[in-house]
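Chain A is fixed; fit chains B and C onto it per the hints.
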Amino acid sequence: MIAIGLEGSANKLGVGIMLHPSDGSTPQVLANIRHTYVSPPGEGFLPKDTARHHRAWVVKLVKKALKEARLSVNDVDCICYTKGPGMGAPLQSVAVAARTLSLLWGKELIGVNHCIGHIEMGRLITGAANPVVLYVSGGNTQVIAYSSQRYRIFGETLDIAVGNCLDRFARTLHISNDPAPGYNIEQLAKKGKELVDLPYTVKGMDCSMSGILAAIDALAATYGLDGEQRDEEEDATDADSTPESDGVSESRKPTRADLCFSLQETVFSMLVEITERAMAHVGSKEVLIVGGVGCNERLQEMMGIMARDRGGSVHATDERFCIDNGIMIAQAGILAYKTGFRTPFKETTCTQRFRTDDVFVQWRD
Amino acid sequence: MPESEYNPPPLPQPFTNTPASQITPIYQGAEAHLYKTTFLSPPIPAALKIRPSKPYRHPILDRRLSRARILQEARCLAKLVKEGVAVPALLGLDWEGNGKDGGGSWLVMEWVEGCVVRVVLERWEGVIKARQGYMGGIEGEEEKVVRRLLRRIGGAVGGLHRAGVIHGDLTTSNLMLRPFSRIGDQKGNVDSGEEEEGGSSDMEGDIVLIDFGLASQSSQDEDRAVDLYVLERAFGSSHPRTEEFFEEVLSGYRESYKGAGSTLKRLEDVRMRGRKKSMIG
Amino acid sequence: MSSSPLETIHLPHLPLAVHAALYTDVHNAPYLRQQLLSANADFEYAFVDASMILSRAHALSAVFRAVNDYLNERLKSRNIHSEIVFSLSPTNNIADSFRKFGISDTTTSLLVVKVSVTPDITYESVAAHLAQNVQGSPLAFDDESLSGISNIAKIKKAYKLGSLPSTPSGQANGTQDDGKRRLEVSVQGAIALRGAA
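Residue numbers (UniProt numbering), protein chains in the order written: chain A, 1 to 365; chain B, 1 to 281; chain C, 1 to 197.
This is chain A alone, in the form it adopts within the complex (with noise of 0.2 Å):
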């Protein structure tokens, strides 16, 4: 059985092709295309000219796929596609061009839940059985588990997503959106080495970032590291790294670098004890990280030691499973179809707000 997906919630457009043998063996990824709309630093991408991006990359993205994997249009059982939760333009340029592929083709559409193509992404390339999951990215954060037929919600933000607190603070340092803005502050943070007082907001097992991006803001406005990088500024940050003689100065003013590793080491903290208090709640010892934030190794990092300390495991993918992509909606809507769930032409509308656990997991124990 194979399954197209097509997905296009954010800025990344991505085409994906799965089969599902029939002898019951692994799924294989026949092909995992994708294209990113990447908007000028210190700008975010806006939902008028992302959709733009995505009507006029889509068949280019189809017609790869399908060469890459070398199919034709008659050996696709189903398209799916991300019905939400998103951008309303983008998501509507992406249903559009499902319908029509289902239409032109006659195939059946199943419509995804993203958050759901995410977790069971990272479940069949983990083999993570029954994970906690921590879902990250620029539009969500959720703690989730399985129970009885649902994904349930143990906790969430309560404001802006993790994903979206990185990108934020990345525009106001004005740095490059290329290949992702949380990207580069990983890339930054590595170089940071003090740490600056910042918010911390866990409450239960939710947690809020507002609070946290209006604090680091104001810190780059008072030391004057905001906007674009000054020269001098780079220079104060090599001149820094001599070995530490002891530890915190107070007078130190921070770099651009230790801002973006405060920043990091406070929100993925705080992500990390949710996701404990999960675990504990639940009684499960493996987490699995999915979400274009999920390809941080820092994030990965302070998970796994997280973990170990349970006497479990952290499940973590690279950046073809991480970010958003066409596969995971592919895999996810293959395994409703296979349990007889289609959405019918009319029902193929897309939702900015679609919650996890509003869909039923029928194809799970």
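Calculated directly from the structure, the hints in this document are not laboratory data.
Mixed in with the good hints there might be a few duds.
Said to hold, decoys possible - Capping the alpha-carbon separation at 27 Å, the derived lysine-lysine pairs in DSSO-like fashion look like this: (1) C:180 x B:79; (2) B:265 x A:203; (3) A:346 x A:63; (4) C:180 x C:160; (5) B:144 x C:160; (6) C:180 x C:76; (7) B:258 x C:160.
Just chains B and C now, with coordinates in the frame of chain A:
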């Protein structure tokens, strides 16, 4: 990454001196480990709560959080004891721990005898379920008994809020039912081990609030209302059969202090707000 | 009384033995206090005005805290014995803690505590030295003796617990006299939290 053996964190000073027979692990939470031990007097049980340092966190952040949280918990307990709210009293504390070799901060509390309300209600639900097979409906004595219990829970939460403390994690696992004192004149069941009855005697006792690891000091209606909302959701998800009696918790709460009315009004807003609503379609 | 009033206490979790003795009708408080003031090394004791002690648990809470701070090398005062007196205090003012809880010239009821921080401090050495130097009537170091000595009003004032009602409702281990129990655990909480700014 490979799976590895679970190693409980080393005990901090001075519990490194304690013979293993005198310190029993009870529960490993996400943030804290609970032990049953003794404190100043060997025969009297006490609860030791340790917050081990978290190696995944930056050491400066770790120290800051660990210290702030154990102090927060200790302050809330001390304040509530002074106000006469039924909570385990704070007996000892070390918010520094011996940071050098990773030992954590700790606090010692009174040991509370009895059973958590979650278990009491699960037992009751089991009895009801068995009976419904041939009788249908929850009625008569069973209903009265559970209503009384829920009302007392409301009163206990009200007492907490009156004292200016927000629990932060109100679930039926953080409420204990402590049998009436052995020498008191109440007709309470001395031995809480009698499980088979499921009758009224099981539900007698004082409600004691425990685990103030997420507590804070506040007298704002919003914070109080969220506290109640968390409890309401916990009842809904853990004890669906008692959901229809949750009003008793609110009645008990309403009677417990003067400002309760405005908190309950706020609770309606909090429910309506329902941040977890979706907009499908 | 011929037998020594000294009791050796092994507090759970602590590796050091604690020796304690309670006296009433003490006649030579000014002499004892003078030895402290002149820093006479032979008189390195915690000399506590027993009227400021509510119960055995109250005193032992302070001892526990002082010994724990000693083990973690965090003493705020000169030595472990002055630290015991300081640990009785709910505030960070050391001089004030000695004024309120330490021996004064008018002290008639005295609690003496000595911790075996070195091997030469033994039951025998402490008992002999106290027998020679404390002029008073020994009492058992227990709640019954203390109940006849404690000045509840002064204790409440020192811990700013004046508003604590004497007949409260259910307290977390409502086995004995609830009012006293509540005062006791409130005092223990204050000792534990001292210095938590």
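Hint by hint, work out which the structure violates, then give me just those numbers in ascending order.
Result: hints 5 and 6 break, sorted rising.
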